[in-house]
Amino acid sequence: MEKSMSFYGYSLIMTFFMLFLGARSQLTPNFYERTCPKLLSIVRNEVQKAFNKEIRMAASLLWLHFHDCFVNGCDGSLLLDVDDGEKFSLSNLNSEDLKFAVESECPDVISCADILAIAARDSVVITGGPAWTVLLGRRDGFVSIDKKATDDALPSAFDTLYNITFKFKKVGLDVTDVVSLSGSHTIGLARCAAFSNRLFNFENTGLPDRTLDRNMLSQLQGLCGNIGSYYSGYSADPNLGNATTFLDRDSTKVFDNHYFQNLLNRKALLSSDQVLLSSYETKRLVQDYSSSKDRFFEDFAESMVKMGNVSPLTGSRGEIRKNCRRVN
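According to mature numbering (1 follows the signal peptide of the UniProt record, and there is no 0), the stretch in the sequence shown is residues -25 to -1, 1 to 303, in order.
Any given hint could be a false lead.
Here are the simulated DSS-like cross-link-like pairs (lysine-lysine), alpha carbons at most 25 Å apart as the crow flies [said to hold, decoys possible]: (1) Lys242 <-> Lys268; (2) Lys228 <-> Lys242; (3) Lys258 <-> Lys242; (4) Lys28 <-> Lys242; (5) Lys268 <-> Lys258; (6) Lys142 <-> Lys281; (7) Lys28 <-> Lys144.
Label-pair restraints from in silico Cβ distances [as the list claims (entries may be wrong)]: (8) Arg259 <-> Asp83: 44 to 54 Å; (9) Phe117 <-> Asp225: 40 to 50 Å; (10) Arg9 <-> Ala76: 18 to 28 Å; (11) Asp225 <-> Asp83: 40 to 50 Å.
Derived by calculation from the structure, the hints in this document are not laboratory data. No residue lacks a Cβ here, since even glycine has one placed at the ideal position from N, Cα and C.
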(Lines of atoms letter the chains of each structure in order from A and count residues from 1; the text may use other names and numbers.)
(Lines give C-alpha, C1' and ligand atoms only; values in the text may rest on other atoms or scores of the structure.)
Protein backbone atom coordinates (compact mmCIF):
# COMPACT_ATOMS: atom_id res chain seq x y z
CA MET A 1 0.00 0.00 0.00
CA GLU A 2 2.78 2.40 0.94
CA LYS A 3 4.60 1.57 -2.26
CA SER A 4 1.49 2.11 -4.43
CA MET A 5 0.75 5.44 -2.74
CA SER A 6 4.34 6.53 -3.35
CA PHE A 7 4.02 5.55 -6.99
CA TYR A 8 0.67 7.34 -7.23
CA GLY A 9 2.15 10.52 -5.78
CA TYR A 10 5.12 10.31 -8.11
CA SER A 11 2.78 9.88 -11.09
CA LEU A 12 0.78 12.94 -10.12
CA ILE A 13 3.93 15.03 -9.80
CA MET A 14 5.24 13.85 -13.18
CA THR A 15 1.86 14.46 -14.83
CA PHE A 16 1.76 18.01 -13.46
CA PHE A 17 5.38 18.59 -14.52
CA MET A 18 4.70 17.39 -18.08
CA LEU A 19 1.56 19.51 -18.34
CA PHE A 20 3.56 22.51 -17.14
CA LEU A 21 6.28 21.89 -19.70
CA GLY A 22 3.65 21.40 -22.37
CA ALA A 23 2.05 24.76 -21.59
CA ARG A 24 5.42 26.51 -21.68
CA SER A 25 6.50 24.71 -24.86
CA GLN A 26 3.52 26.11 -26.76
CA LEU A 27 5.44 29.39 -27.04
CA THR A 28 7.91 28.89 -29.84
CA PRO A 29 9.88 31.24 -32.12
CA ASN A 30 8.41 29.68 -35.28
CA PHE A 31 4.77 29.55 -34.19
CA TYR A 32 3.56 31.49 -37.27
CA GLU A 33 6.10 30.09 -39.71
CA ARG A 34 3.42 28.48 -41.88
CA THR A 35 0.38 30.67 -41.17
CA CYS A 36 2.08 34.08 -41.52
CA PRO A 37 5.69 33.82 -42.74
CA LYS A 38 6.03 37.58 -43.28
CA LEU A 39 4.88 38.49 -39.77
CA LEU A 40 8.24 39.65 -38.38
CA SER A 41 9.03 41.86 -41.35
CA ILE A 42 5.53 43.40 -41.30
CA VAL A 43 5.81 44.35 -37.64
CA ARG A 44 9.38 45.62 -38.06
CA ASN A 45 8.33 47.87 -40.96
CA GLU A 46 5.38 49.29 -39.02
CA VAL A 47 7.51 49.95 -35.95
CA GLN A 48 10.12 51.68 -38.10
CA LYS A 49 7.44 53.88 -39.72
CA ALA A 50 6.02 54.80 -36.33
CA PHE A 51 9.49 55.62 -35.02
CA ASN A 52 10.26 57.77 -38.08
CA LYS A 53 7.14 59.82 -37.38
CA GLU A 54 7.68 60.08 -33.62
CA ILE A 55 10.83 58.93 -31.81
CA ARG A 56 8.88 58.46 -28.58
CA MET A 57 7.01 55.54 -30.14
CA ALA A 58 9.92 53.16 -29.51
CA ALA A 59 9.70 53.63 -25.76
CA SER A 60 5.88 53.62 -25.83
CA LEU A 61 5.72 50.27 -27.64
CA LEU A 62 8.32 48.76 -25.30
CA TRP A 63 6.47 49.90 -22.19
CA LEU A 64 3.15 48.77 -23.66
CA HIS A 65 4.38 45.16 -23.65
CA PHE A 66 5.82 45.65 -20.14
CA HIS A 67 2.51 46.97 -18.81
CA ASP A 68 0.51 44.24 -20.51
CA CYS A 69 2.57 41.43 -18.99
CA PHE A 70 2.70 42.90 -15.47
CA VAL A 71 -1.00 43.51 -15.03
CA ASN A 72 -2.85 40.45 -16.30
CA GLY A 73 -0.19 38.33 -17.92
CA CYS A 74 0.94 38.80 -21.53
CA ASP A 75 -2.54 38.61 -23.07
CA GLY A 76 -3.07 41.94 -24.83
CA SER A 77 -5.82 42.83 -22.34
CA LEU A 78 -4.67 46.42 -21.82
CA LEU A 79 -5.75 47.23 -25.39
CA LEU A 80 -9.42 46.47 -24.74
CA ASP A 81 -11.89 49.37 -24.81
CA VAL A 82 -13.35 48.89 -21.36
CA ASP A 83 -14.55 51.74 -19.17
CA ASP A 84 -11.84 52.50 -16.62
CA GLY A 85 -9.81 49.50 -17.87
CA GLU A 86 -6.08 48.90 -18.26
CA LYS A 87 -5.94 50.89 -21.48
CA PHE A 88 -6.72 54.08 -19.59
CA SER A 89 -3.87 53.65 -17.16
CA LEU A 90 -0.92 56.02 -17.45
CA SER A 91 1.35 55.44 -20.48
CA ASN A 92 -0.87 52.86 -22.22
CA LEU A 93 -1.31 53.61 -25.92
CA ASN A 94 -3.07 51.50 -28.55
CA SER A 95 -1.37 49.62 -31.37
CA GLU A 96 -4.14 49.70 -33.97
CA ASP A 97 -1.86 50.46 -36.92
CA LEU A 98 0.25 47.40 -36.15
CA LYS A 99 -2.78 45.13 -35.90
CA PHE A 100 -4.29 46.53 -39.11
CA ALA A 101 -1.09 45.90 -41.06
CA VAL A 102 -0.82 42.33 -39.79
CA GLU A 103 -4.52 41.58 -40.38
CA SER A 104 -4.19 42.79 -43.99
CA GLU A 105 -1.58 40.10 -44.63
CA CYS A 106 -2.70 37.36 -42.24
CA PRO A 107 -6.32 37.78 -41.08
CA ASP A 108 -7.51 36.13 -37.86
CA VAL A 109 -4.19 34.41 -37.16
CA ILE A 110 -1.95 36.67 -35.04
CA SER A 111 -2.82 37.66 -31.48
CA CYS A 112 -2.55 41.22 -30.23
CA ALA A 113 -0.40 39.92 -27.37
CA ASP A 114 2.17 38.49 -29.80
CA ILE A 115 2.21 41.69 -31.85
CA LEU A 116 3.07 43.64 -28.68
CA ALA A 117 5.90 41.23 -27.87
CA ILE A 118 7.43 41.53 -31.35
CA ALA A 119 7.00 45.31 -31.46
CA ALA A 120 8.76 45.65 -28.10
CA ARG A 121 11.80 43.76 -29.39
CA ASP A 122 11.88 45.76 -32.63
CA SER A 123 11.61 49.06 -30.76
CA VAL A 124 14.75 48.19 -28.81
CA VAL A 125 16.65 47.03 -31.90
CA ILE A 126 15.70 50.11 -33.93
CA THR A 127 17.12 52.39 -31.23
CA GLY A 128 20.42 50.49 -31.06
CA GLY A 129 19.66 47.95 -28.35
CA PRO A 130 20.03 44.15 -28.26
CA ALA A 131 18.00 41.65 -30.26
CA TRP A 132 16.46 38.47 -28.85
CA THR A 133 14.31 35.65 -30.15
CA VAL A 134 10.67 36.38 -29.36
CA LEU A 135 8.71 33.29 -28.34
CA LEU A 136 5.23 33.30 -29.88
CA GLY A 137 1.89 31.57 -29.52
CA ARG A 138 0.10 33.79 -26.98
CA ARG A 139 -3.63 34.24 -27.25
CA ASP A 140 -5.64 37.30 -26.27
CA GLY A 141 -7.52 37.63 -22.99
CA PHE A 142 -11.16 38.56 -22.50
CA VAL A 143 -10.84 40.76 -19.41
CA SER A 144 -9.26 44.16 -18.79
CA ILE A 145 -8.97 44.92 -15.09
CA ASP A 146 -9.80 48.36 -13.73
CA LYS A 147 -7.42 51.30 -13.72
CA LYS A 148 -6.78 51.24 -9.96
CA ALA A 149 -5.80 47.58 -9.97
CA THR A 150 -3.60 48.27 -13.00
CA ASP A 151 -1.78 51.12 -11.29
CA ASP A 152 -1.39 49.02 -8.14
CA ALA A 153 0.24 46.19 -10.13
CA LEU A 154 2.67 48.38 -12.06
CA PRO A 155 5.83 49.76 -10.43
CA SER A 156 5.37 53.51 -10.14
CA ALA A 157 7.77 56.44 -10.38
CA PHE A 158 7.38 56.96 -6.62
CA ASP A 159 7.80 53.37 -5.39
CA THR A 160 10.45 52.27 -2.93
CA LEU A 161 12.90 49.57 -3.96
CA TYR A 162 11.05 47.14 -1.68
CA ASN A 163 7.74 47.81 -3.45
CA ILE A 164 9.29 47.58 -6.90
CA THR A 165 11.01 44.28 -6.09
CA PHE A 166 7.79 42.93 -4.55
CA LYS A 167 5.80 43.70 -7.69
CA PHE A 168 8.43 42.02 -9.85
CA LYS A 169 8.46 38.92 -7.65
CA LYS A 170 4.67 38.66 -7.90
CA VAL A 171 5.04 37.98 -11.62
CA GLY A 172 8.04 35.65 -11.24
CA LEU A 173 10.86 38.13 -11.91
CA ASP A 174 13.92 38.59 -9.72
CA VAL A 175 16.29 41.40 -8.67
CA THR A 176 18.41 41.08 -11.82
CA ASP A 177 15.24 41.58 -13.84
CA VAL A 178 14.40 44.66 -11.76
CA VAL A 179 17.69 46.36 -12.61
CA SER A 180 18.08 45.20 -16.20
CA LEU A 181 14.50 46.07 -17.19
CA SER A 182 14.81 49.44 -15.45
CA GLY A 183 17.46 50.06 -18.08
CA SER A 184 14.62 50.55 -20.58
CA HIS A 185 14.59 54.11 -19.21
CA THR A 186 17.56 54.75 -21.43
CA ILE A 187 14.90 55.84 -23.98
CA GLY A 188 11.62 57.68 -23.63
CA LEU A 189 10.30 60.69 -21.77
CA ALA A 190 8.61 61.47 -18.47
CA ARG A 191 6.22 64.22 -17.42
CA CYS A 192 7.02 66.68 -14.66
CA ALA A 193 4.25 65.07 -12.62
CA ALA A 194 6.37 61.89 -12.45
CA PHE A 195 9.44 63.52 -10.90
CA SER A 196 8.29 66.81 -9.35
CA ASN A 197 8.44 65.08 -5.95
CA ARG A 198 12.25 65.31 -6.22
CA LEU A 199 12.29 69.01 -7.11
CA PHE A 200 10.31 70.84 -4.49
CA ASN A 201 9.27 68.80 -1.46
CA PHE A 202 11.09 65.48 -1.43
CA GLU A 203 9.66 63.06 1.15
CA ASN A 204 7.77 65.96 2.76
CA THR A 205 10.97 67.69 3.88
CA GLY A 206 10.17 70.96 2.13
CA LEU A 207 13.48 70.56 0.27
CA PRO A 208 14.50 69.02 -3.08
CA ASP A 209 16.10 65.59 -3.30
CA ARG A 210 19.74 65.99 -2.26
CA THR A 211 20.78 62.95 -4.31
CA LEU A 212 19.91 64.84 -7.52
CA ASP A 213 22.72 66.62 -9.38
CA ARG A 214 22.50 70.36 -8.60
CA ASN A 215 22.72 71.55 -12.22
CA MET A 216 20.12 69.05 -13.31
CA LEU A 217 17.89 70.09 -10.40
CA SER A 218 18.03 73.73 -11.50
CA GLN A 219 17.20 72.82 -15.10
CA LEU A 220 14.26 70.66 -14.10
CA GLN A 221 12.87 73.28 -11.73
CA GLY A 222 12.95 75.72 -14.63
CA LEU A 223 11.15 73.22 -16.86
CA CYS A 224 8.45 72.36 -14.35
CA GLY A 225 7.96 75.86 -12.97
CA ASN A 226 5.96 76.06 -9.76
CA ILE A 227 4.31 72.68 -10.18
CA GLY A 228 5.33 72.04 -6.59
CA SER A 229 2.94 74.75 -5.43
CA TYR A 230 0.17 73.28 -7.56
CA TYR A 231 0.53 69.83 -6.05
CA SER A 232 0.61 71.35 -2.58
CA GLY A 233 -2.85 72.80 -3.14
CA TYR A 234 -1.87 76.35 -4.06
CA SER A 235 -2.88 78.22 -7.21
CA ALA A 236 -0.78 77.28 -10.22
CA ASP A 237 -1.16 76.10 -13.79
CA PRO A 238 -2.22 72.41 -13.76
CA ASN A 239 -0.74 71.96 -17.25
CA LEU A 240 2.75 72.30 -15.79
CA GLY A 241 2.62 68.64 -14.85
CA ASN A 242 2.41 67.70 -18.53
CA ALA A 243 5.78 69.19 -19.55
CA THR A 244 8.17 66.40 -20.55
CA THR A 245 11.87 65.68 -20.66
CA PHE A 246 13.97 62.69 -21.69
CA LEU A 247 14.57 60.04 -19.05
CA ASP A 248 18.20 59.98 -20.19
CA ARG A 249 18.91 63.66 -20.85
CA ASP A 250 22.45 63.07 -22.15
CA SER A 251 21.75 60.18 -24.56
CA THR A 252 18.21 60.87 -25.63
CA LYS A 253 17.49 58.65 -28.63
CA VAL A 254 19.81 55.65 -28.25
CA PHE A 255 19.25 52.43 -26.32
CA ASP A 256 22.55 52.06 -24.44
CA ASN A 257 23.91 51.71 -20.90
CA HIS A 258 24.16 55.45 -20.26
CA TYR A 259 21.15 55.24 -17.96
CA PHE A 260 23.25 53.37 -15.39
CA GLN A 261 26.05 55.92 -15.63
CA ASN A 262 23.41 58.57 -14.89
CA LEU A 263 22.44 56.75 -11.68
CA LEU A 264 26.03 56.77 -10.44
CA ASN A 265 26.39 60.46 -11.37
CA ARG A 266 23.18 61.46 -9.53
CA LYS A 267 21.38 62.22 -12.80
CA ALA A 268 18.52 59.74 -12.62
CA LEU A 269 15.24 61.48 -13.41
CA LEU A 270 12.82 59.37 -11.36
CA SER A 271 13.16 58.57 -7.67
CA SER A 272 12.23 54.95 -8.54
CA ASP A 273 15.41 54.83 -10.65
CA GLN A 274 17.66 56.42 -8.04
CA VAL A 275 16.54 53.87 -5.43
CA LEU A 276 18.44 51.17 -7.34
CA LEU A 277 21.50 52.42 -5.48
CA SER A 278 19.90 51.81 -2.09
CA SER A 279 20.83 48.13 -1.76
CA TYR A 280 24.13 46.32 -2.19
CA GLU A 281 22.74 43.83 -4.74
CA THR A 282 21.05 46.35 -7.01
CA LYS A 283 23.91 48.85 -6.76
CA ARG A 284 26.39 46.16 -7.79
CA LEU A 285 24.32 45.44 -10.89
CA VAL A 286 24.09 49.15 -11.70
CA GLN A 287 27.87 49.39 -11.50
CA ASP A 288 28.34 46.29 -13.67
CA TYR A 289 25.96 47.56 -16.33
CA SER A 290 27.44 51.06 -16.31
CA SER A 291 30.86 49.67 -17.18
CA SER A 292 29.75 46.93 -19.59
CA LYS A 293 27.11 47.56 -22.25
CA ASP A 294 27.46 43.94 -23.37
CA ARG A 295 26.59 42.64 -19.90
CA PHE A 296 23.55 44.93 -19.74
CA PHE A 297 22.37 43.95 -23.21
CA GLU A 298 22.72 40.25 -22.42
CA ASP A 299 20.78 40.47 -19.16
CA PHE A 300 18.16 42.80 -20.62
CA ALA A 301 17.44 40.39 -23.49
CA GLU A 302 17.12 37.46 -21.06
CA SER A 303 14.80 39.45 -18.80
CA MET A 304 12.58 40.43 -21.73
CA VAL A 305 12.16 36.77 -22.66
CA LYS A 306 11.29 35.94 -19.03
CA MET A 307 8.80 38.79 -18.86
CA GLY A 308 7.21 37.69 -22.12
CA ASN A 309 6.49 34.33 -20.44
CA VAL A 310 4.44 35.83 -17.62
CA SER A 311 1.13 33.89 -17.55
CA PRO A 312 0.49 33.70 -21.30
CA LEU A 313 -2.78 32.25 -22.57
CA THR A 314 -1.99 29.41 -24.96
CA GLY A 315 -3.66 26.49 -26.70
CA SER A 316 -7.44 26.67 -26.43
CA ARG A 317 -7.44 29.45 -23.82
CA GLY A 318 -8.20 33.01 -24.91
CA GLU A 319 -8.84 34.04 -28.50
CA ILE A 320 -7.26 35.71 -31.53
CA ARG A 321 -8.85 39.15 -31.52
CA LYS A 322 -9.82 40.61 -34.89
CA ASN A 323 -9.73 44.07 -33.33
CA CYS A 324 -7.41 44.61 -30.37
CA ARG A 325 -9.90 47.05 -28.87
CA ARG A 326 -12.69 44.53 -28.31
CA VAL A 327 -13.29 40.82 -27.86
CA ASN A 328 -14.65 38.94 -30.86
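Worksheet entry | List of violated hint numbers, smallest to largest | The structure breaks hints 4 and 7; every other hint is satisfied.
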